[in-house]
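Q: Make a model of the complete structure from these sequences and hints.
Listed below are the residues making up each chain.
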Amino acid sequence: MANLNIDSVKDRTFDAIVIGSGMSGGWAAKEFTDKGLKTLVLERGRDVKHLKDYPTTNLYPWEFPHHGVIPDAVQKANPIVNRCYAFGEDAAHFFVKDAEHPYVQEKPFDWIRGYQTGGKSLLWARQTQRWSDFDFEGPARDGFAVDWPIRYADIAPWYSYVEKFAGISGNRDGIAELPDGEFLPAFPLNAVETYFSNHVKKTYKNRHVISARCAHLSKPNQIHLDQGRGQCQERTLCQRGCPFGGYFSANSSTIPWALRSGHCTLRPHSVVESIIYDDKKGRATGVRVIDANTKEAIEYYADVIFVNAAALNSNLILLNSKSNRFPDGLGNDSGTLGKYVAFHNYSAHINADYDGAKEWTTDGRNPAGGGYIPRFRNVYKQETNFLRGYAAGFSAYRSGQRSSDGIGQQLKDNLVKKDLGGWQVGSHMMGETIPKKESYVALDKSLKDPWGIPQLRISVDYDDNDAKMKQDYIEQMTEMFTSAGFTNIKVSSDHRAPGLDIHEMGGVRMGKDPKTSMLDKWHRLHACKNVYVTDGASMTSTSCQNPSLTYMAFTARAVDHYLSEKKKG
Amino acid sequence: MNLNINRRAAIRNMALILGSAAVLPSCLNDKGKPVVQLKKLKIDAAQETLVNNLTETILPKTDTPGAAELGINLFVFKMIDDCYGQEAQQDFITGLGDFADAAKKALGKSFNDGSAKERAAFVATVDQNSMNDKYKDDTKLTAFYKMVKDQTVFGYTTSKYFMTKQVVYELVPGRYNAYFPVKKTAAV
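So the sequences go chain by chain: A and B.
Just so you know, we're using my numbering here: the first sequence kicks off at 1 and counts up by one.
Just so you know, we're using my numbering here: the second sequence kicks off at 1 and counts up by one.
Please note: incorrect hints may appear among the correct ones.
To be verified - With a cut-off of at most 20 angstroms between alpha-carbon atoms, the simulated EDC-like pairs for lysine to aspartate or glutamate come out as follows:
1) B:K109 <-> B:D98
2) B:K40 <-> A:D72
3) B:K61 <-> A:D413
4) A:K418 <-> B:D150
5) B:K61 <-> B:E48
6) B:K165 <-> A:D413
7) A:K437 <-> A:E106
8) B:K134 <-> A:D405
9) B:K109 <-> B:D44
10) B:K183 <-> A:D419
11) B:K160 <-> A:E63
12) B:K183 <-> A:E359
13) A:K445 <-> A:D328
14) A:K10 <-> A:D278
15) A:K418 <-> B:E170
16) A:K76 <-> B:D82
17) B:K146 <-> A:D405
18) B:K42 <-> A:D72
19) B:K160 <-> A:D413
20) B:K184 <-> A:D419
21) A:K568 <-> A:D520
22) A:K417 <-> B:D63
23) A:K418 <-> A:E359
No lab work stands behind these hints, which were simulated from the structure alone.
A: Printed below as a string of C-alpha cells:
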C-alpha cells in the first residue's frame, strides 16, 4: 500500500504544470515540451481534437436544423452567451452555457467562456497587433495603474518568435505606434477601403487605415506545414474549427505540437480548485484538481506552475489558493489580487454608404475582415479631455440586397436577382479602459459552483473616461466619414455590459513594486517565484490592441526565463 | 375536405358497429391532428393544410420546385415552433385564425377549398398590405403572414436547391479578390 502511494505520487508528479490549454496555455505547453520537460496540461473542459472534434465544420447552411438560427429556448436559457456574436447554431457547442458555470454579477458583466481544449482560441476573431512603447509607457505617463515593468524592447523578440510559428498576415506599414512584425502576405484592402485609407492619409497627419493583421496562413511556411496546417481557404467559418488549420488555434497548433513531443500529458475535465503552497518550502508544490465528471479531488505536483486559465479564472484560482502564508490568495501580499480589472470598450459603431467605385466589388471572402485603424488619439501627447484612446475596425462591402417582394413567380425572380447595390462602410470602436481599484473580482462567501469552488463575484463598469472617449470616437469617425464623402451616416451606441468584448484583463497585474502589484517583470508572483501568470490576468493596462498575440509572446518569454533560471540552478 | 368528412364518418360508423369507439385513433378526432410533429404550436390538420397551402402559394411549383416539393412548409413549422417566443407563437395561432376568416370572407369558401388562382389572388392582397407601413391591421393576420413569408423566404434561400441550383454557395472559396470588376460578376 505504501509503495502504491509512492507510485501514485510519482505518477502525479511532473516537471511543469500548465493550467489551461487555450491561447496562452498552449504556448506554455509547447515551450516546455520543446525543451523536454515532462508537462501536465490541465483543461477544465472536454477534449476537442483538431479536425476530429469539429462536427459542424463542413456543414452547408441547409444542413443545420434551423439553418444557423439558435432556438428560442436556448436563447432564453442563455441570455449572457447568446449576446456573443459568434454564438450561432454552428459554434454553440464550443461556448459555456450560462447555467454551467454560475457567477455573481455585482454589476452587469457578460462573461463569455469556452471550456475545452483550445479554450477560446477556437473562437477568437484572430486579430493580432503588437503593442509599442506608446502602450507600455501609458500608465506611467498618464498616471494610472502602475508602471509596466517591461518595455517594447523586452517583448519584441518574443513577438517575432510567436508570430513566425502562429503565422500572422499583414503589411509592413511602418507605423511607430503599431510595430511591424514577421508577416505573411496581407489580405488586401478592397476598392473603398483603399479609397478611405488614401483619404485619411492625405487628410490627417498621424491616422492610418491598414489591412487588418490576423492569424491566418495566407501563404504558409514550412514551420506551418510541419504543424499539419495549410493555407487559409477564405471560408470565414473559423468559429467551427478549421479543417485546414488555416488560422491559429491551440487545437491546430501548439497543443498537438506539444503532444507529439511525447513529453506532454493533457488531462481534460480537470477543474483546478487551487494551487498548493508549502509554507515550509516557501513555494508552490502543485495543484488541487476537481475531476469534472467524478467530482473527485486529485493533487498533481511540479516544480513550476503556469496559470493560463483565462483572465478571470486565473484570478479565481489564485484567490481560492489560501494558505497560512497567503490567507487572502496566493501571492497577495499587496492586496491587489482581483483588483484593477479592465476591458475594451466596443460599444459604438458607425455605418454609412459610399456612392463611388461602382466598377469594383469583391470576390471570395476576406478572413482579415477588412481594415484596421490604429490608435491616433493621445499617442505622442495628451490632447483630449480623456485619457488614452481607441483603435477602430473599418470595412467596406457590397452585400447586395435581395428583394423578397411579391409572391409566386415574381418572388422567385426577385430572389435570384441579386442587386449588387452600392458600397456600405462600417466601423466599430475598440477603446482602452482604465484599470481601477473598484473594478474587481472576488470570491463569493457562500455561493459555490458545481465543483464546490466559490463563485466569482464580478464588479466592473464603465466610467466617465469611457463615455468621453466614446463621444470622441463618434465625432472623429463621423468627421472622417463625412470628409471622405460617405453619406447616410448612422451612429449606433449600445449599452453592452463589459465582458462582451471578451477582452477582460488584469487582476494579477505586473509591476515593479511587490507592494502594489502581483507579478514581476518575468510574470512570476513576486511572493511565490515558481508560479507564473501569463494570460490576460497579468495585464497592467489594456491599451486597445486585440490582446491574444501579447499573451502568446508573454508566455514564450516567461517559459524561456524559467528555463534559463533553472539552468543556472 | 368533403372526402375527409365522409371518410371520417365512415370510420366512425364502422367503429360504432364494432363497438370499439374507445380505440379510435386520435387522428380521427373532429378536426384531426397535424402530420407535422410540433412541440409547442397547437394546431389541427386543417390549419396545417392552410399553412402548407399558404407556403405553396407564396412559393408555388412552376418550372422550378415549389415549397412543398422542397419541404419549405415543414421548415416554416419547425422555425416557428423552435425559434419564436411564446408571444409570437400566440400571434401565429391567432393570426392563422384571422387569416382563415378573412380568406373565407374574400373567397366565399375556405382558403383550403379555394383554387390555386383564388388563393394567389387573396394572398397577393395580404402580401401588399404586409409591405405597406401605413396599413393598419386590427387582427394578427399580417403578423401571421409575415412570419410564414419570412420563414418561407429564409428556408428557400438557404435550401440546398436554391444554394446549388439558383445561386452557388461556396463552402470553400479558396480566394479573396479585393478588386473584382463588377462586369465579371454576371459570370459568378
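Q: Confirm or reject each hint.
A: Hints and how they fare:
no.: 1; hint: B:K109 <-> B:D98; result: holds (14 angstroms)
no.: 2; hint: B:K40 <-> A:D72; result: holds (11 angstroms)
no.: 3; hint: B:K61 <-> A:D413; result: holds (13 angstroms)
no.: 4; hint: A:K418 <-> B:D150; result: holds (17 angstroms)
no.: 5; hint: B:K61 <-> B:E48; result: holds (19 angstroms)
no.: 6; hint: B:K165 <-> A:D413; result: holds (14 angstroms)
no.: 7; hint: A:K437 <-> A:E106; result: holds (15 angstroms)
no.: 8; hint: B:K134 <-> A:D405; result: holds (17 angstroms)
no.: 9; hint: B:K109 <-> B:D44; result: holds (18 angstroms)
no.: 10; hint: B:K183 <-> A:D419; result: holds (13 angstroms)
no.: 11; hint: B:K160 <-> A:E63; result: holds (8 angstroms)
no.: 12; hint: B:K183 <-> A:E359; result: holds (7 angstroms)
no.: 13; hint: A:K445 <-> A:D328; result: holds (13 angstroms)
no.: 14; hint: A:K10 <-> A:D278; result: holds (18 angstroms)
no.: 15; hint: A:K418 <-> B:E170; result: holds (16 angstroms)
no.: 16; hint: A:K76 <-> B:D82; result: holds (12 angstroms)
no.: 17; hint: B:K146 <-> A:D405; result: holds (12 angstroms)
no.: 18; hint: B:K42 <-> A:D72; result: holds (17 angstroms)
no.: 19; hint: B:K160 <-> A:D413; result: holds (18 angstroms)
no.: 20; hint: B:K184 <-> A:D419; result: holds (14 angstroms)
no.: 21; hint: A:K568 <-> A:D520; result: holds (19 angstroms)
no.: 22; hint: A:K417 <-> B:D63; result: holds (17 angstroms)
no.: 23; hint: A:K418 <-> A:E359; result: holds (16 angstroms)
Going through the hint list in order, the structure satisfies each hint without exception.
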